[in-house]
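> Single-letter residue listing:
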Amino acid sequence: MELNALTAHQLLKEIAAGGSGSRDIVSGLVARNKQLNQRVKGYVRLDDSGESLIDDRSSGSGVLKGIPISVKDNICTKGLNTECCSQILQGFKPPYDATVIRKLKQAGVCVFGAKTNMDEFAFGSSTENSCFGPTSNPWNLECVPGGSSGGSAAVVASDQAVWALGSDTGGSIRQPASFCGVVGMKPTYGRVSRYGLIAFASSLDQIGPITKDTRDCAILMNAISGHDPLDSTSVDIEVPDFTESLTGDIKGLKIGIPKEYFVEGLDKEVKAVIEEAMEKLKSLGAKCLPVSLPHTEYAVPVYYIIATAEASSNLARFDGVQYGLRNKDLKQGLIDMYKRTRQEGFGQEAKRRIILGTFVLSHGYYDAYYLRALKVRTLIKQDFDRAFRDVDCLITPTSPTPAFRIGERIKDPLKMYLSDIFTISANLSGIPAISVPAGFTRKGLPVGLQILSEPFTEGMLLRVAHAFEQNTPWHKEKPKL
Amino acid sequence: MNYQPVIGLEVHLHLKTKSKAFCGCSTEFGKEPNSQVCPVCLGFPGSLPVLNQTAFFYAVKTGLALNCSIAEFTKFDRKNYYYPDLPKNYQISQYDMPIASEGFLDIESEGKPKRVGIIRVHLEEDAGKLIHRDDSSCVDFNRAGIPLLEIVTKPEINSPLEAYEYLTLLKSTLEYLDVSDCDMEKGSLRCDANVSVRKKSETTLGTKTELKNMNSFKGVRDALAYEIDRQIEVLGSGGKLIQETRLWDPQKLKTHPMRSKEEAMDYRYFPEPDLPPFVIAKDKCAQIKREIPELPRQKVLRFMKEYNLSAYDARVLASSKSNALYAEECLVNYSGKDKKQIVNWLTGALLSQARSRNCPLSGLKVTPSDLIKLVGFVEKQQVSALSAKTVLAQMISTGRAPEEIIKEKNLSQICDESSLEAFIEEAIKENPKSVKDYQQGKQNALMFLVGQTMKKSKGKANPKVVQELLKRRI
Amino acid sequence: MQIKEDTLNYLAHLGRIELEAQESKILSGQLKDILDFIDQLKKVDIKDVSATSHILSISNVLRDDLSGESLTREDALKNAPVKEGNFFVVPKVIE
Numbered sequence: 001m002e003l004n005a006l007t008a009h010q011l012l013k014e015i016a017a018g019g020s021g022s023r024d025i026v027s028g029l030v031a032r033n034k035q036l037n038q039r040v041k042g043y044v045r046l047d048d049s050g051e052s053l054i055d056d057r058s059s060g061s062g063v064l065k066g067i068p069i070s071v072k073d074n075i076c077t078k079g080l081n082t083e084c085c086s087q088i089l090q091g092f093k094p095p096y097d098a099t100v101i102r103k104l105k106q107a108g109v110c111v112f113g114a115k116t117n118m119d120e121f122a123f124g125s126s127t128e129n130s131c132f133g134p135t136s137n138p139w140n141l142e143c144v145p146g147g148s149s150g151g152s153a154a155v156v157a158s159d160q161a162v163w164a165l166g167s168d169t170g171g172s173i174r175q176p177a178s179f180c181g182v183v184g185m186k187p188t189y190g191r192v193s194r195y196g197l198i199a200f201a202s203s204l205d206q207i208g209p210i211t212k213d214t215r216d217c218a219i220l221m222n223a224i225s226g227h228d229p230l231d232s233t234s235v236d237i238e239v240p241d242f243t244e245s246l247t248g249d250i251k252g253l254k255i256g257i258p259k260e261y262f263v264e265g266l267d268k269e270v271k272a273v274i275e276e277a278m279e280k281l282k283s284l285g286a287k288c289l290p291v292s293l294p295h296t297e298y299a300v301p302v303y304y305i306i307a308t309a310e311a312s313s314n315l316a317r318f319d320g321v322q323y324g325l326r327n328k329d330l331k332q333g334l335i336d337m338y339k340r341t342r343q344e345g346f347g348q349e350a351k352r353r354i355i356l357g358t359f360v361l362s363h364g365y366y367d368a369y370y371l372r373a374l375k376v377r378t379l380i381k382q383d384f385d386r387a388f389r390d391v392d393c394l395i396t397p398t399s400p401t402p403a404f405r406i407g408e409r410i411k412d413p414l415k416m417y418l419s420d421i422f423t424i425s426a427n428l429s430g431i432p433a434i435s436v437p438a439g440f441t442r443k444g445l446p447v448g449l450q451i452l453s454e455p456f457t458e459g460m461l462l463r464v465a466h467a468f469e470q471n472t473p474w475h476k477e478k479p480k481l
Numbered sequence: 001m002n003y004q005p006v007i008g009l010e011v012h013l014h015l016k017t018k019s020k021a022f023c024g025c026s027t028e029f030g031k032e033p034n035s036q037v038c039p040v041c042l043g044f045p046g047s048l049p050v051l052n053q054t055a056f057f058y059a060v061k062t063g064l065a066l067n068c069s070i071a072e073f074t075k076f077d078r079k080n081y082y083y084p085d086l087p088k089n090y091q092i093s094q095y096d097m098p099i100a101s102e103g104f105l106d107i108e109s110e111g112k113p114k115r116v117g118i119i120r121v122h123l124e125e126d127a128g129k130l131i132h133r134d135d136s137s138c139v140d141f142n143r144a145g146i147p148l149l150e151i152v153t154k155p156e157i158n159s160p161l162e163a164y165e166y167l168t169l170l171k172s173t174l175e176y177l178d179v180s181d182c183d184m185e186k187g188s189l190r191c192d193a194n195v196s197v198r199k200k201s202e203t204t205l206g207t208k209t210e211l212k213n214m215n216s217f218k219g220v221r222d223a224l225a226y227e228i229d230r231q232i233e234v235l236g237s238g239g240k241l242i243q244e245t246r247l248w249d250p251q252k253l254k255t256h257p258m259r260s261k262e263e264a265m266d267y268r269y270f271p272e273p274d275l276p277p278f279v280i281a282k283d284k285c286a287q288i289k290r291e292i293p294e295l296p297r298q299k300v301l302r303f304m305k306e307y308n309l310s311a312y313d314a315r316v317l318a319s320s321k322s323n324a325l326y327a328e329e330c331l332v333n334y335s336g337k338d339k340k341q342i343v344n345w346l347t348g349a350l351l352s353q354a355r356s357r358n359c360p361l362s363g364l365k366v367t368p369s370d371l372i373k374l375v376g377f378v379e380k381q382q383v384s385a386l387s388a389k390t391v392l393a394q395m396i397s398t399g400r401a402p403e404e405i406i407k408e409k410n411l412s413q414i415c416d417e418s419s420l421e422a423f424i425e426e427a428i429k430e431n432p433k434s435v436k437d438y439q440q441g442k443q444n445a446l447m448f449l450v451g452q453t454m455k456k457s458k459g460k461a462n463p464k465v466v467q468e469l470l471k472r473r474i
Numbered sequence: 001m002q003i004k005e006d007t008l009n010y011l012a013h014l015g016r017i018e019l020e021a022q023e024s025k026i027l028s029g030q031l032k033d034i035l036d037f038i039d040q041l042k043k044v045d046i047k048d049v050s051a052t053s054h055i056l057s058i059s060n061v062l063r064d065d066l067s068g069e070s071l072t073r074e075d076a077l078k079n080a081p082v083k084e085g086n087f088f089v090v091p092k093v094i095e
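Chains as they are written, first to last, in the numbering used here: chain A, 1 to 481; chain B, 1 to 474; chain C, 1 to 95.
Just chain A, with the same shape it has in the complex:
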């Protein structure tokens, strides 16, 4: 197999055996980018040569020495453009590295200079809301890769990256991982530092890995997890070696099947894939039990209140004063400068969310919308607390449908919002969740299995996902490009 198709743990073996070095790996990726980026468009600001500045200036000699990583455009990389795929952040070069980037560099990882495509400010589920245009799904170029971390998932799936970082606010890692047939994890809220992640919804955002298999996911989690004194919401709790969870043994585990996830709107083929996965897990010794998460149907409306409220405030700073775009019409006053800068700089979805978020917080509506949403959030969280008293983890489809066609949902925001119906609850509850490849539709589109567990038990997710992966062929499938 070509170097660019290998996983990080395979490459580490290669490097250790003296077979190839970092440079060979990078040139393999560059060649692949040159061949594919024009079609997949997973990277932004990457020229036709496929080459991009590799940032290994402060690379240490850690355990991941020589392995490159691709990074979503909303994670700050010192001196490298970080624009959230928004015009308003045009040309923004952060003067600092996000904590995850600093940790990765210390571990020896080099950061690929071109960032991966995303929905502007992570507002979307298809990567169509990017000022650079949409990314294509490597399995079917006419389909979306999912979103918002669609670029990261697509470049991993198409072997244009070894692995990648994404961010997940309502499913933005797991849903594209599912659409692109790769592994994606949203860690527990507070497990990975958010310092340097350009905030969408601060109480929901987490950075996480998108990888070719579960072992890489565990290795990347080892590298990025842990308490960060720069993030008040990062929890000071021991980080286990996640690779130790990859035992292959799930005998006796109790797996909950939430009935609210298998209802109308769930694609038949997706349903069949998940049922087959359930059987597989049973055959490996796990017990599957029905459970109920009664407030599931309210997750999407709660999410769109809380996430837009926080976003409207988080995005207020993009005003043309300190960085990014500025409308320079000299005759205008200050307020006009703000308004025109933001009119030009934000895309439709960003404007929609800012207005909606402003509305739910505004005088006279706060209690009816925002406060009510915070209360229903409590109920959603309690659903999970109750379920985890009886089971070790839950399994669900990651998304109700496989990848949809580019343009299919873009005009109907509500329909797009419903793409996240199965992933949002984990963010609202702060719990960790993973999506692993679980099969394909007849048309050859990947379907992901989502596993959820209690806070700070990512090891449990990896244990189940790994056992499933090792006993199924899906993660080895590659798109024909």
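Certain hints may be false.
The calculated lysine-lysine pairs, modelled on BS3-like cross-linking and capped at a C-alpha distance of 25 Å, are [said to hold, decoys possible]:
#1 K42/C / K375/A
#2 K328/A / K83/C
#3 K199/B / K186/B
#4 K79/B / K92/C
#5 K78/A / K83/C
#6 K78/C / K328/A
#7 K415/A / K92/C
#8 K42/C / K93/A
Rather than coming from a laboratory, the hints here were simulated on the basis of the structure.
With chain A held as given, fit chains B and C onto it using these hints.
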């Protein structure tokens, strides 16, 4: 004439911390623009706040000193509004759960005690500074993120003088706590006022105006006085007041409405998701309470009681913590019966010297024990009151002990009769007419002779002793 | 729920976004759909339910009052679209 002013004050003060509220940037004043900034206080994308614990506990301490109840559970909220000095276009502040609430400060105004209620004390971050030019404004973010404490009174202040007294005592209290520099010139203390007037018979509040841009306590007093007169005049002539913000012009001594268009503020407060909440345990509260020193008001009352000082003297001495400490050391160790003797030195010559040097009493190189010695020499008439002033001036400039200076400058007073004999003899001999005049009953003549004797002694003779001796001789 | 035109304009002003007439019209319809959808929350019984504004059960995250490094002025101002000397520059603010 029948109107009563109703005033509420909102004080913002910088807490005296090394670093800013949510980042490690220095809080030092007067540095080059935008030299004390980082991704956090500039609100750069991706940056996150982490609260400075010193700022947090200073806020608790201040709340306790102002007799507030301290929240067991508190949190921060975002106050959303656009302004170019506000890097994130929201301010991290506190909305419905301030660190401290429902307290009071007991002041005295025109000799009468008055209790001013405190609604709330909360912690927030300061904004940057705008420098206006002809066609644009420049922004300096050095100040952005400095921990700011907001202290809001109930609308219970009824005169500009009361407002002035409240601010003076508040400032002195804060200095005692050592939580703020309280320097209005440097902007580390700012005060806005809400003021309205109502007929004395009414119970509802009148239409208020918010006053801003006062840069001294005197400015607050004057602005309030002006604004109260203005409001009474408008109402008296049958006019109507509008609720508005007015700026004080310290040159013209007038208030004028703000030029910018005011809009209804809709700050869209919501809990700051980047900062988990805070729990203030009862024992932590008790510990902080124990660290609070005796506060100015208590000190005044105690000085009056223990040292028999007048209210005025006690207030003068207690207005600063360091001066009170110095004064008390003098008062405790001064063995003379009448403490007034030493108090006069403290509140008079010493304090005026300290003020002119802009330093505390302890900064004057005169130790309390040396001051006590000097006052003792005067009492025992070993040095004249006049000479003592010269001695004190020397003590202040050199830090030397009074006895050394007296000896060196030969300033000790002559009380010894045999030593004075010669001078008196001479004076009598040289002024026979005066002697005669005195003998004929002219009292003035005696004073003249005393003066002549003093001259002979080069001012060192004790005039009282000289007078006695002269009387006996002639 | 339909957001009235003046409410939409007010929200756009609060969020400092200029909206063109056509944009407003489309947005208004989309917001109606979204709000109608969100209105299903009214069915939920939230009596005696506390609000979750922080999902973690941690509290009192504080740092020591130590002054650390600041950015160089060059780095602080590097991204500024309009600057002069050591300052960020904005259109004149009227007070």
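> Report the numbers of all earlier hints that the structure fails to satisfy, in ascending order.
3, 7, 8
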